[in-house]
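Student: Here's the letter readout for the chains.
There are 2 protein chains.
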Amino acid sequence: MALVASVHAKAIALIKLSLEMTTAAGSGHPTSAASLAHLVTLLMYHHMRYDPAYPNHPAADRLVLSEGHACPIVYAAAADLGMVIGQDPQHWRPMTRDEALRLRAIDSEIDGHPNPAAGFPFFPAATGSLGQGLSIANGLALAARLDGLDKRIFCLIGDGESREGQIWEAVDFLVDYHLTAVCPIFNCNGYGQSGRVSLQQAPEVMAAKLRAAGVDVQVIDGHNPTAIQQALAVHAVHAQAAAATPCAIVARTVKGWGFTSVLGSNVHGRAATEEEKIQALATLDTTAQRLGATWRKGDLGIPPLTTTPALDLQPVQPTPCFREALQRYGQEDMLAQGKMAPRRAYGVALQALGHANPRVVALDADVRSSTYSENFLHDAALQERFFECRIAEQNMLSCAAGLAAGGKLPFVSTFGKFLERAYDQIEMGLISGFPLKLVGSHVGVSLAADGPSQMALPDVSFFRAWTTLRSQAGKPLLYLLQPADAYAAYALTVAMAAHEGPCYLRTLRPDVPLLYNDTTAFALGGHHVLAEGHDLCIVAAGYMIHEVHKALPLLKEQGIAATLVDLYSLPFDDVAILQLVQENQGQVLTVEDNYGASMGSAVADALAAHGGAYTLMQMYVRQIPKSGRTPDDVLRSLHLAAPDIVQAAVRMLDVAAR
Amino acid sequence: MALVASVHAKAIALIKLSLEMTTAAGSGHPTSAASLAHLVTLLMYHHMRYDPAYPNHPAADRLVLSEGHACPIVYAAAADLGMVIGQDPQHWRPMTRDEALRLRAIDSEIDGHPNPAAGFPFFPAATGSLGQGLSIANGLALAARLDGLDKRIFCLIGDGESREGQIWEAVDFLVDYHLTAVCPIFNCNGYGQSGRVSLQQAPEVMAAKLRAAGVDVQVIDGHNPTAIQQALAVHAVHAQAAAATPCAIVARTVKGWGFTSVLGSNVHGRAATEEEKIQALATLDTTAQRLGATWRKGDLGIPPLTTTPALDLQPVQPTPCFREALQRYGQEDMLAQGKMAPRRAYGVALQALGHANPRVVALDADVRSSTYSENFLHDAALQERFFECRIAEQNMLSCAAGLAAGGKLPFVSTFGKFLERAYDQIEMGLISGFPLKLVGSHVGVSLAADGPSQMALPDVSFFRAWTTLRSQAGKPLLYLLQPADAYAAYALTVAMAAHEGPCYLRTLRPDVPLLYNDTTAFALGGHHVLAEGHDLCIVAAGYMIHEVHKALPLLKEQGIAATLVDLYSLPFDDVAILQLVQENQGQVLTVEDNYGASMGSAVADALAAHGGAYTLMQMYVRQIPKSGRTPDDVLRSLHLAAPDIVQAAVRMLDVAAR
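So the sequence lines, in the order shown, correspond to chains A and B. Taking the working numbering, the leading residue of the first sequence gets 1, the next gets one more, and so forth. Taking the working numbering, the leading residue of the second sequence gets 659, the next gets one more, and so forth.
Hints are not guaranteed to be accurate.
The calculated label-pair distances, taken between Cβ atoms and stated as ranges, are [stated by the list, open to error]: (1) A:Leu554 to B:Gly684: 47 to 57 Å; (2) A:Arg270 to B:Asn924: 33 to 43 Å; (3) A:Tyr54 to B:Asp879: 37 to 47 Å; (4) A:Lys475 to B:Asp879: 26 to 36 Å; (5) B:Pro1301 to A:Lys339: 22 to 32 Å; (6) A:Gln383 to B:Thr941: 33 to 43 Å; (7) A:Thr96 to B:Gln1281: 23 to 33 Å; (8) B:Asp765 to A:His378: 33 to 43 Å; (9) B:Asp879 to A:Ala244: 30 to 40 Å; (10) B:Gly740 to A:Asp574: 56 to 66 Å; (11) B:Ala1189 to A:Glu275: 19 to 29 Å; (12) B:Gln1281 to A:Arg97: 51 to 61 Å; (13) A:Ile278 to B:Asp808: 37 to 47 Å.
Chain A side only, calculated, beta carbon under 8 Å to chain B, not exhaustive [unchecked claim]: (14) Trp168; (15) Cys247; (16) Glu274; (17) Glu275; (18) Gly559; (19) Tyr614.
Simulated coverage check for chain A against chain B, where a stretch passes if three residues somewhere in it have a Cβ under 8 Å from a Cβ of chain B [unchecked claim]: (20) 189-196; (21) 395-404.
Since the hints were made in silico from the structure, they are not lab data. Backbone N, C-alpha and C fix where the C-beta goes; we use that ideal spot for every residue, glycine too.
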């Protein structure tokens, strides 16, 4: 059969180039790459509808390489096909074989693991931290469905990485959302880094698990061109049929196919030496001869893109002010009470943004009634853009990454504590360059009664690392936002949507007094001065603004006129903050209800960089908290209540006066 | 049947107390609690072998409440049984009904979610962040097996939380390790916080998934005392039989059992109002009558502990010095090269510690040949204490927590990047008070060729938050350790084992020059001065020590005599570091190859707190890196190579001279 001969020929050619590339780089995974050679050949040369000159065309089929380390095989195909590469779409150029041989070089787009941000647009998202690809594929499929595109999303998943629970979260999600457009292909080559994979990831067990989850499964020989072609054809039918069951392919493959006599299947993540490479290439030539592998141009062909998407490029509408939004959604009476939980305001903003911007989508993990993302779901005009991800934060985050890859603007909410479950997935999204809008609710200790297992406390520290970076465009890579009241939460959610990059917004559980109004301006990087003094500059954010507010009159009684800065953004304007500090005798007290290495430490960075004589005292949570029935109880137990703030200020200024 | 009548009576009594408790607290989860009432009654009053006066006795059966929010039902039983509570075992006291009613109060041991560290020793580990309990149970079972104890580990898991992939990682692990002592009980009450759980978590689908994974399943009515008793009896047989298949129980239950007419099953995480409570209590009384519920003392009884463990309390042996350990394990020639990767030294130390301390266990996630934890596995005397967790970091970390709960000292290694996958699990372990020894390899950018998906870069920032806390004993809660050479890595691994609390050790991939020797002392909280100058204090750690070393002679050429501090520990001795800074004109340059908000920021904290006039310049990774073939390539691209350090120092001192 002509197809068989051509597939073998092309697969072997790609394996050979993978070997050349990895040996040139001195590292890489030629054996994993080889196990995918036939699958990749049929996908990229014969089955996927795409254009190598525009591989991320909105209507194009996409390939997510979940087992990112196998990327040399895709790079080899890209070089052979002259696929475009380059960071700037204006200057894309066809990839050459020479460029393939520059794999992993510092100035090459051919990165060690898949990363579109490095300049390889064929890959929809960065992978390499394992187990995340199927969730990304789910997100891409949701985006395509919203856009009315019939594109298919192929996802190549290693058997070893199928041990990651996230894969099974993704399978459940795929069935819940009936994502027949996704084609999960499990590459069962039987070996991980440390020898044989567990029998729990053997092909027959994988198939049984998938079937138990409600997925049809085809188990095939992943090096048999006819079997692959047939399995992909079956999937194509499933993808089109409205009532079909989602289906997956479990492929038995050989790690190091074609040269196991040189590098055994148990070799992982090591390139062949020059000598081994020569042997392997010769062995592959022998294999090609034995299989009658012959490339004939007409046997394989990339199907053209049949859909020209009529993407609904509705312009973004202006967002109403908070009061107007509340009126619009029948919640106007909320403001009358003079206090409101910032998480509620987030829900209102999310709903308003949903109407203003058709790209906005919302995801939550079974706590939508706590985060108030439910406002979005309960709006009939928006509900198709809401995705309930259940208690599976990892899948939710990678799914959001996939939605972003599909052109959407994902707002992802859960308790700040549970976002921690997906920090690795968030990091992969940031590496990909996606504008993830992350919303962690119930942050700090004001959640009180539920105790530390539900409180976000080291989150400021983690996200602050990302605020110290610059994006490729030279701007802060991420903004961390801590609204202290409902107006601030509303305005910062709107600002976050308008910003091109990723953000992390922290919302509070309790009702807190309103501090601002609709005329207050909030900007990423901004702050507000809530009280002007000259003895001490108190810098706080979120819930602690209210605690400091209680402390201010007590300080006045002690003869201390304090400035209060609501430092709602990290990063912030260092110069402006230093100016405020100087106006307060260089005395700074930071107050936060999370662990250290956080906001106060960001202020320390600014002071220490400037080099003047400043004194900073940091108040933060210094032990793991326990449950208390009220925020006050918990704050007192942590020495962070208003009287503690007063005491700290007095002690500090006494010391300074000496 | 007498048992049936008594179980109903007790279950209803516990539900009533749960209602009282949660209403008194003003929050909590009475409906979830009620769904577990019959299961908990049979477990705690009739099936588990334990002593309420010593609930964490090494030989006792244990109960892990994975769905931690349902804890009021267990607290109710504990109060009824007079179970001991209290943070200090010397002052344990029997819990009373009044104490139950102080649920969630700030000075109560009855925390909002299970936490032994809060003073409730019946719970082996903190839970409440969902999906982690079965992994903890696995760890407890492994510990019991090592100690030759036949105890059983019961784990109550919610259907909603079974969406977490970690549950399925734990199921695979349980089958791989044939942990028949673990009894997973899935509580299928059909509701999560946001309404019905997905059909993917319906009882029949759960059963099918478990069977596909190789687990026997009994599907029962979770409010039928006879069915529960029989299912637990079947498990008891499985637990004893050497060749039996692991088995699980899937229980259909009702959320809010006995009072759904008052609080529907769709009520989650809300306590009954006083009025609702009165109604619910009356409804429960009616139900009790209808079921003929009557408590008779003899019907149920806690089986006594049959095993008195002859726990092998071998004393901890001294650990040899590095050279001696290398000799012992036939790796003496390593030192001759003058350089060695710190990760290799970790492997040697781990092996030595395994011999010195029988409590030491090792876990890895399919990268043991990269972290060098394989040394432990390949030592015949130690291999039974090595657990290959495959590519499933979340299960690995919670499993380590379970091992710690079982009295072991777990050393957990993987790439630092992949530990991020389990930050939430690590946090739960820290909340529990476990001495987790975490080892992240391939940290910083010196991994180079594999790119950012494999590099640990925000990890210092995350773990630094934990270094700002104090333990209950008033000591630093966690030490973050960054050895710069093989001697340091060996010594710090040994120091970490000797320390009672948790630690995070970062190891490097490349071979780096040896800086120290066997006479160098390393202490948690310590540092070393590697060069003494007077113009500038350069503070670095890990790989960057070597880069600064290259810069020192170049600085000398520029007339700059710099001090070099190897700040290998966070927290560190602030006073000593400030002294060094003062001796260097108050000029400090920090150099690290991870993101900001990290070591340099810790130095900023110290400087800003002191309040003198210091100037700090921080060098760190300011953009997401890409692959490079060598560490040098990557450092240069990030402006962190030796010439960049020189340039920064010159710029800094020029500015200072003005």
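Student: Name the hints, by number, that the structure is in violation of.
Tutor: Going through the list in order, the structure violates hints 1, 2, 3, 4, 5, 11, 12, 13, 15, 16, 17, 18, 21 and respects the others.
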